[in-house]
Amino acid sequence: MSPDPEAAVTNPGAPDQDDPAVRRAQEARLRAVWAPPKGVFLRWTDTNNDAIGKWYTLAAVAMMLFAGTLALVMRAQLAIPDNDLVSASTYNQLFTLHGSTMMFLFAVPIFEAVSILILPALLGARDLPFPRLSAFGFWSFAIGGMFVAGSIFFDAAPDGGWFMYPPLATEPSQSGIGADIWMLGLSFVDVSSIAAAVELIVGVLKCRPPGMRLNLMPLYAWYVLVVAVMILFAFPPLIAGDILFELERIADWPFFDAARGGDSLLWQHLFWIFGHPEVYIIFLPSIAIFAMVVPTFSRRHLLGYPWVVLAAIGTGFLSFGLWVHHMFATGMPALSQGFFSAASEAVAIPTAVQIFTLIATVWAGELVRSTPMLFGAGALAIFVIGGLTGVMVAVAPFDWQAHDTYFIVAHLHYVLVGGAVMPLFGGLYYYWPLVTGKKLSDRLGRIAFWLMFVGFNVGFFPMHVSGLMGMPRRVYTYPAGLGIDALNLASTAGAFLFAAGVAVIVIDLCLSPRRPHSPRNPWSAGTLEWLAHPKSQEDWGVRSVPLIESRYPIWDQPAFVRNVDEGRYFLADAEEGKRELVITSVLDAKPLHVHRVATPSVKPMLAAATLGGVFIATTYHGYLIASTLAIAAFVTIVWWLWTGTSVIPEKPAKHAGLGLVLPLHATGPASSGWWAMFITMVADTVAFASLVFGYFYYWTIHAQFPPAAMPGIAGPGWRWPAVACALVGAGWLATLAARQANGRGFRAGACGALALAALATAAGGVAGLAGPWHAGLEPQAHVYAAIVWVLASWVAAHAALGTVMQIYALARGIARHTTGEHDGDLRNVTLYAHFLALQALVAFAVTGVFPALA
Amino acid sequence: MMRRDASLIATWLERAQRYRYSLWTLVAPPSIWAAHFLFCYVFAAIHCAKAGRLAGLAAIGVEIGLATVTALGLVGICAFVAWAQSRVEGDPPPHHESTDEDRVRFLGVAGLLLAGLSAVAIVFTALPAALIGDCR
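As they're listed, the protein sequences go chains A and L. Letter by letter, the first sequence follows residues 687 to 1540 of my numbering. Letter by letter, the second sequence follows residues 2 to 137 of my numbering.
Just so you know, the hints here were simulated from the structure itself, not pulled from any lab data. The reader is advised that the hints may include incorrect statements.
[Unchecked claim] Among the chain A residues that face chain L by a calculated CB cut under 7 angstroms, a handful are:
# : residue
1 : L989
2 : G990
3 : P992
4 : T1016
5 : G1017
6 : L1021
7 : F1379
8 : Y1383
No residue lacks a Cβ here, since even glycine has one placed at the ideal position from N, Cα and C.
Next up, chain A with everything else stripped away, as it sits in the complex:
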């Protein structure tokens, strides 16, 4: 099916796309609708993915340069033995902030940033489904990132290593304010990661162009999907760990204090359940860039498309079975180590599959030499070395020798520089013309590559040797004569050579504005993003949303580019003055409805600023300011939702082009909002499950858990937990009833049921807290009391949020923003109620029933 020139005959109202005047009028309307806000301040309220993606990418790259500078200071300190360039305390802050910034503020955000920037182009979409959510994520990242990274200028940076092990890091007298800055600042950044994950999953599943079935999706989109789902399962355990950690630091609840029943190893579990998948969250998007670059420069389709999908999904799953290999030295049973060792070896299979498909594609095609491919080849060489040392350290006895030495430092830098940094620079050279319309210099690119490649190997290869000779990581100096002097000097020289390469790239970027525009599709690529015009950087994205019949439509579909440009596909106009996307079905990309996305607004920025203020004020124990800002954040978010979401369209359907009539509204699972709620609640439930895991972890390490009943640590009994569960359950049933009644047009009944639901849910939350309160559980006394309080408080906080949602849905109904047909808010609240009821039930089973059985 290609655009039918006769369509105008079958659809008499359709505009005549052959008439240039018609097309110019359409373009003028589109330009007006998608125009960015102007003005010194207002331009920062833009929400379009082009603007947000650029700012996000620049901010993440700035973080990388900052963290790289910290590394250069460290290498300067280690250049010679007994050096006194920096003190031990400063050095601790340097390596902690280097690791934390690179991982949390560069590697993960750059994935989100680049995906927000190019994913809509790859999918022939005009924007992502929730532009204001992208803006909120970016501003959260910017605020949280500056807060954490800036701490070193006040000598207040975290200094416990990037994985913040207790008891060192939980003890305020040992670790100062830095640990709080790390916990609260990065938790806030994690929230923005989850926001981006929601956005990207819905983007890939629902915003593909018509005809782009799952088997035709660009591989980058597959990787985005896998990585975003991984974020949903990896970040929540860390957030749960952060909650426990901060409660120990602020309120002395002994989660990691062995003297009162806690266990510092629980933190290591929660951290590495996040920390290992994190490595793959960083690595997979970079391979994804190559899955786009390699076919372009091999002039052929990527070989083994299903194999690459297998590898992406397989790696995503297996990477969750590796976390304990960071904990081999903690003395756990050999059998446990064996399981994780086995999974660590198994993950090499899908990783290798990806690398072999790339090599095979180059081999089978006609290679065009280019700077991006040069970075690709170098990255593969470096990554494979890191992978081989990875297979070595996955073997537990070898790991006991190498643990906490420079061998590990070498291994992880080979993996991350080969698996993420070099591919990203390759991607920079490849995608720069897409974003700016100008090519970077191939000559400077080659110089930079060789400086970086040689510098990296000179810098990091000797670390394998110094590590095996026994040099521990994270020492600020070493005595002369241990045989590691020359190795360290080489590492320092290599690091500065690598930095010189990065500097050449920065110079190349700075020269870019002075260069002429490149031709359209400068690499002669076959995928949709290269529809972009280099000169007229239109904010609307594609001129018309295309119909896809191939994985490489620009190569394979006849007259494809012309048809897109002449508006012969879908949504070629913006008659109603709205920003519109086509929402399609998950498997087959059948057009379902037209989704109107939000316009620029200051609300996301305000929400991020107030919410960020809550975290920052809490760090300094300014609880009054924190509560004020929390109220401000709450009001801003409700204002944002009330004025910008679930808007009832002015007509039920519209002509979308090619004779297709699409509804302007959808609700429930057909809508993008329902999916966003579902995905968010999956992440939320994973965090709750991590807390429940903590409860049972304590059960396994204690001979008797719950401990023998004593004043202060006697359990809440079963009655209050049961009452709480029953009340939340009643609220859930009432919400369901409200949805049914509303669907049948029984408005009064729906409103009444929602009022009842709000009452029952609120009472359920209070009843949950009444259990530990009446039992007199003292959370400072023993970890049992603390974990019961945490579970009860978690459900109570969620019940409070549920109550707010039910009242919100009630208000929407009263204000007639919700009708029998337009019930998106009510359906999303019902979905939340499902998850809340599940969590209340689990909390009841764990705190109320389990002690009776144990």
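Following the hints, put chain L in place on chain A, whose structure we already have.
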């Protein structure tokens, strides 16, 4: 007898091809791996935490063996369904068009590959339980 067997396989093949394959079923084999992995790890960790460092592992060998056989069986079923789907007829090769058949075939091939990887990973997980003797 032989013919009845052949027609039985054909019936099952046809049934498997009619099954509505989706993203959820695509991730079923690695989810089975994850469940098996977690079961083995948690079960062994609780056993060793409660029975002490010198406890033998014979007591949990049966459960881990049964879990492994069950997991492999389930992955086998997924693999059969995926294989059947990857043979749905209708379109000429190379099977990457925007058609119903090619999408079904793609999910089938990817599902079959994932089932293979999951089976290998499950065997990998079971090996330590077969090779290690006690909780030290």
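Verification of the hints:
1. L989: At about 11 angstroms, which exceeds the 7 angstroms cut-off, the nearest Cβ of chain L leaves the hint on L989 of chain A violated.
2. G990: violated (10 angstroms)
3. P992: holds (4 angstroms)
4. T1016: At 13 angstroms from the nearest chain L Cβ, T1016 of chain A fails the 7 angstroms test, so the hint is violated.
5. G1017: With a closest approach of 10 angstroms, the G1017 of chain A hint is violated.
6. L1021: Holds, about 5 angstroms.
7. F1379: violated (10 angstroms)
8. Y1383: violated (9 angstroms)
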